[in-house]
Amino acid sequence: MTERKIRVLVAKPGLDGHDRGAKVVARALRDAGMEVIYTGLRQTPEMIAEAALQEDVDLVGLSILSGAHMALAPRILELLKANGQGNVKVFLGGIIPDEDIARLKEMGIAGIYGPGVSTEQIVSDFFLAANKVSA
Amino acid sequence: MIHPDHKNTPMTTLTQSVLAGDRLSLARALTQVENNTLAGQKILDALFPYTGKAHLIGITGAPGTGKSTLVNQLALSFRKLEKRVAIVAVDPSSPFTGGAVLGDRVRMRDLSGDPGVFIRSMATRGSLGGLAQATVKIVQVFDAAGYDVVIIETVGAGQSEVDVARLAHTTIVVEAPGLGDDIQAIKAGILEIADILVINKADHPGTESTEAALRNMLELSHPVQKVFRHHDQTLSLAEPNPEKNPVTQSVDLWIPPICRTVATEGKGLPALMEAIQNHLAYLHKFGDWVARDQARLFSEFDLMLQSSLLEDFRARIPAGKIEQVKNSLQNRQISPQEAVNVLLNINRL
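Just so you know, the sequences run in chain order A and B. When we follow this note's numbering, the leftmost residue of the first sequence carries the number 1, and every step to the right adds one. When we follow this note's numbering, the leftmost residue of the second sequence carries the number 1, and every step to the right adds one.
These aren't lab readings, by the way, just hints derived from the structure by calculation. Predicted model only: the values in this text are computed from it and were never measured. The C-beta atom is built at its ideal place from N, Cα and C for all residues, glycine as well. One or more hints might be untrue.
Which bits of chain B does chain A cover? Going by a derived footprint, with three or more residues having C-beta under 8 Å, they are [as the list claims (entries may be wrong)]:
#: 1; stretch: 29-36
#: 2; stretch: 93-100
#: 3; stretch: 109-116
#: 4; stretch: 119-130
Taking lysine to aspartate or glutamate pairs in the EDC-like style, the calculated list, with each CA pair at most 20 Å apart, reads [to be verified]:
#: 5; chain 1: B; residue 1: Lys42; chain 2: A; residue 2: Asp31
#: 6; chain 1: B; residue 1: Lys137; chain 2: A; residue 2: Asp56
#: 7; chain 1: A; residue 1: Lys5; chain 2: A; residue 2: Asp31
Each pair of labels, with its calculated beta carbon distance range [unchecked claim]:
#: 8; chain 1: A; residue 1: Gly114; chain 2: B; residue 2: Trp289; range: 28 to 36 Å
#: 9; chain 1: B; residue 1: Asp312; chain 2: A; residue 2: Val117; range: 28 to 36 Å
#: 10; chain 1: A; residue 1: Lys23; chain 2: B; residue 2: Gly266; range: 52 to 60 Å
#: 11; chain 1: B; residue 1: Leu179; chain 2: A; residue 2: Gly116; range: 16 to 24 Å
#: 12; chain 1: B; residue 1: Ala212; chain 2: A; residue 2: Met70; range: 38 to 46 Å
#: 13; chain 1: B; residue 1: Leu81; chain 2: A; residue 2: Ala102; range: 32 to 40 Å
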């Protein structure tokens with residue numbers, strides 16, 4: 001009787017206090033049958049990497065609305081890699097200017113979602129990425 | 001530190017690095033064990049001889065009473081005593097989709113960055129007793145990995161989610177003011193399993209009446225207490241000191257103390273920590289540590305035996321036979337007992 005569940009960390013790094021988006025996504029992932037670990041507001045990259053390790057997640061979803069994504073996202077990727085979790089896929093949601101998107105993807109962010117993206121899209125991307133991780 | 005990719009290495013290596021204190025290996029071992037994979041079963045087999053040392057503390061209570069916040073404070077207090085602390089936080093899975101949002105970490109941010117603390121969130125995955133089926137195994141992994149204290153936080157529990165009492169050495173039931181009257185307090189179930197009662201949010205109105213109701217409940221369930229009450233020794237009631245009791249008294253009597261806390265501010269924690277240490281000393285002194293350990297292992301063994309026998313039994317029944325018998329049952333041709341007998345007789349042939 002083995003049961004594998006996709007485990008996702010949904011985290012809000014940085015100082016902005018708007019977590020409605022993160023909660024909507026967490027809820028959508030839950031409804032898709034995933035186990036979502038929610039960390040709450042104002043997490044440092046170190047806290048997020050530590051939680052990702054302890055929870056042995058397949059995926060990390062970040063919500064950043066503060067504009068600090070170019071500092072926070074690469075730092076989190078770096079810490080995950082240093083912890084031996086380079087295989088964990090990291091997604092980013094928030095207000096991300098077009099010129100940053102290409103650079104973030106180059107750094108290794110698996111997907112970036114701005115306003116107006118459907119939760120169905122996010123869920124299907126997450127499923128795809130999780131199945132690659134476990135393969 | 002370089003982390004090998006464990007997917008390509010033998011499981012013995014993973015077990016060894018768990019014992020050596022590698023956190024990534026521990027996290028991955030927990031996943032295998034939680035998913036009940038073959039690798040996970042092997043890990044547990046290898047780790048089992050190293051278990052049996054950790055103090056297992058269960059925290060249960062209704063949703064919103066402040067369990068997670070209290071766990072946060074307890075872990076901080078144990079860290080001051082230089083104990084390594086593992087936390088297993090259980091939240092419910094959705095009965096419809098199997099998904100879950102595990103949010104207990106939100107209240108435990110104070111513990112971040114401390115290598116002496118390891119927090120793992122678990123979903124119940126369909127289990128109903130307040131814990132997940134794999135919780136007992138996850139606790140064993142932490143125990144073997146050398147954590148001195150393992151705190152198990154149940155889902156927000158109602159009246160009958162009492163599995164945690166079978167698992168833990170010390171069960172703490174958290175109440176908050178204003179949740180129920182004295183009839184709630186004398187009902188069987190969750191209050192009966194408490195080794196320590198906590199009234200959290202004790203700065204809220206209604207704390208006095210909640211404590212009075214709990215105290216009345218304790219008096220009903222521990223008649224010996226009344227004798228002490230008669231001699232006006234209320235303090236020794238709350239924290240009984242067995243050494244002072246005459247030898248003829250029932251020495252195995254533990255009367256659950258009632259602690260008031262305000263977990264958000266850390267108030268009342270020293271008294272709660274003292275109650276936990278007293279209970280631990282009591283367990284060792286009167287052999288309850290061994291008794292509880294034995295009860296836990298034997299009940300785990302019984303459950304495993306049942307499910308293995310069932311699996312084995314089903315595998316030996318000819319295909320379609322069970323459905324056939326169920327059909328006869330539904331058509332009222334045979335009774336449930338007869339249906340069982342039919343299947344048992346097939347297996348004996």
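Going through the hints against the structure:
1. Look at the stretch 29-36 of chain B against chain A: 4 of its residues bring a Cβ nearer than 8 Å to a Cβ of that chain, three or more, so the hint holds.
2. By the rule of at least three residues with a Cβ nearer than 8 Å to a Cβ of chain A, the coverage given for the stretch 93-100 of chain B holds, with 6 such residues.
3. Under the rule that three or more residues need a Cβ within less than 8 Å of chain A, the assignment of the stretch 109-116 of chain B holds, with 3 such residues.
4. Remark: the stretch 119-130 of chain B is confirmed as covered by chain A, as 5 of its residues place a Cβ nearer than 8 Å to a Cβ of that chain, reaching the required three.
5. For a cut-off of 20 Å, the pair hint linking Lys42 of chain B to Asp31 of chain A is broken: about 32 Å separates their Cα positions.
6. Only pairs whose Cα atoms come within 20 Å are accepted, and Lys137 of chain B paired with Asp56 of chain A is accepted, the gap being roughly 16 Å.
7. At roughly 13 Å between alpha-carbon atoms, Lys5 of chain A and Asp31 of chain A fall within 20 Å of each other, so this suggested pair holds.
8. Evaluation of the 28 to 36 Å hint for Gly114 of chain A and Trp289 of chain B yields a failure: the beta carbon distance comes to about 57 Å.
9. Taking the beta carbon of each, Asp312 of chain B and Val117 of chain A are about 50 Å apart, not inside 28 to 36 Å as hinted.
10. In this structure, Lys23 of chain A and Gly266 of chain B break the distance hint of 52 to 60 Å, their C-beta atoms being roughly 28 Å apart.
11. Between Leu179 of chain B and Gly116 of chain A the beta carbons are some 43 Å apart, a value that contradicts the proposed interval 16 to 24 Å.
12. Under the hint 38 to 46 Å, the C-beta atoms of Ala212 of chain B and Met70 of chain A, about 58 Å apart, miss the expected range.
13. Separation of Leu81 of chain B from Ala102 of chain A is about 51 Å and departs from the stated range, judged on CB atoms against 32 to 40 Å.
In this structure, the earlier hints numbered 5, 8, 9, 10, 11, 12 and 13 are contradicted, and the remaining ones agree with it.
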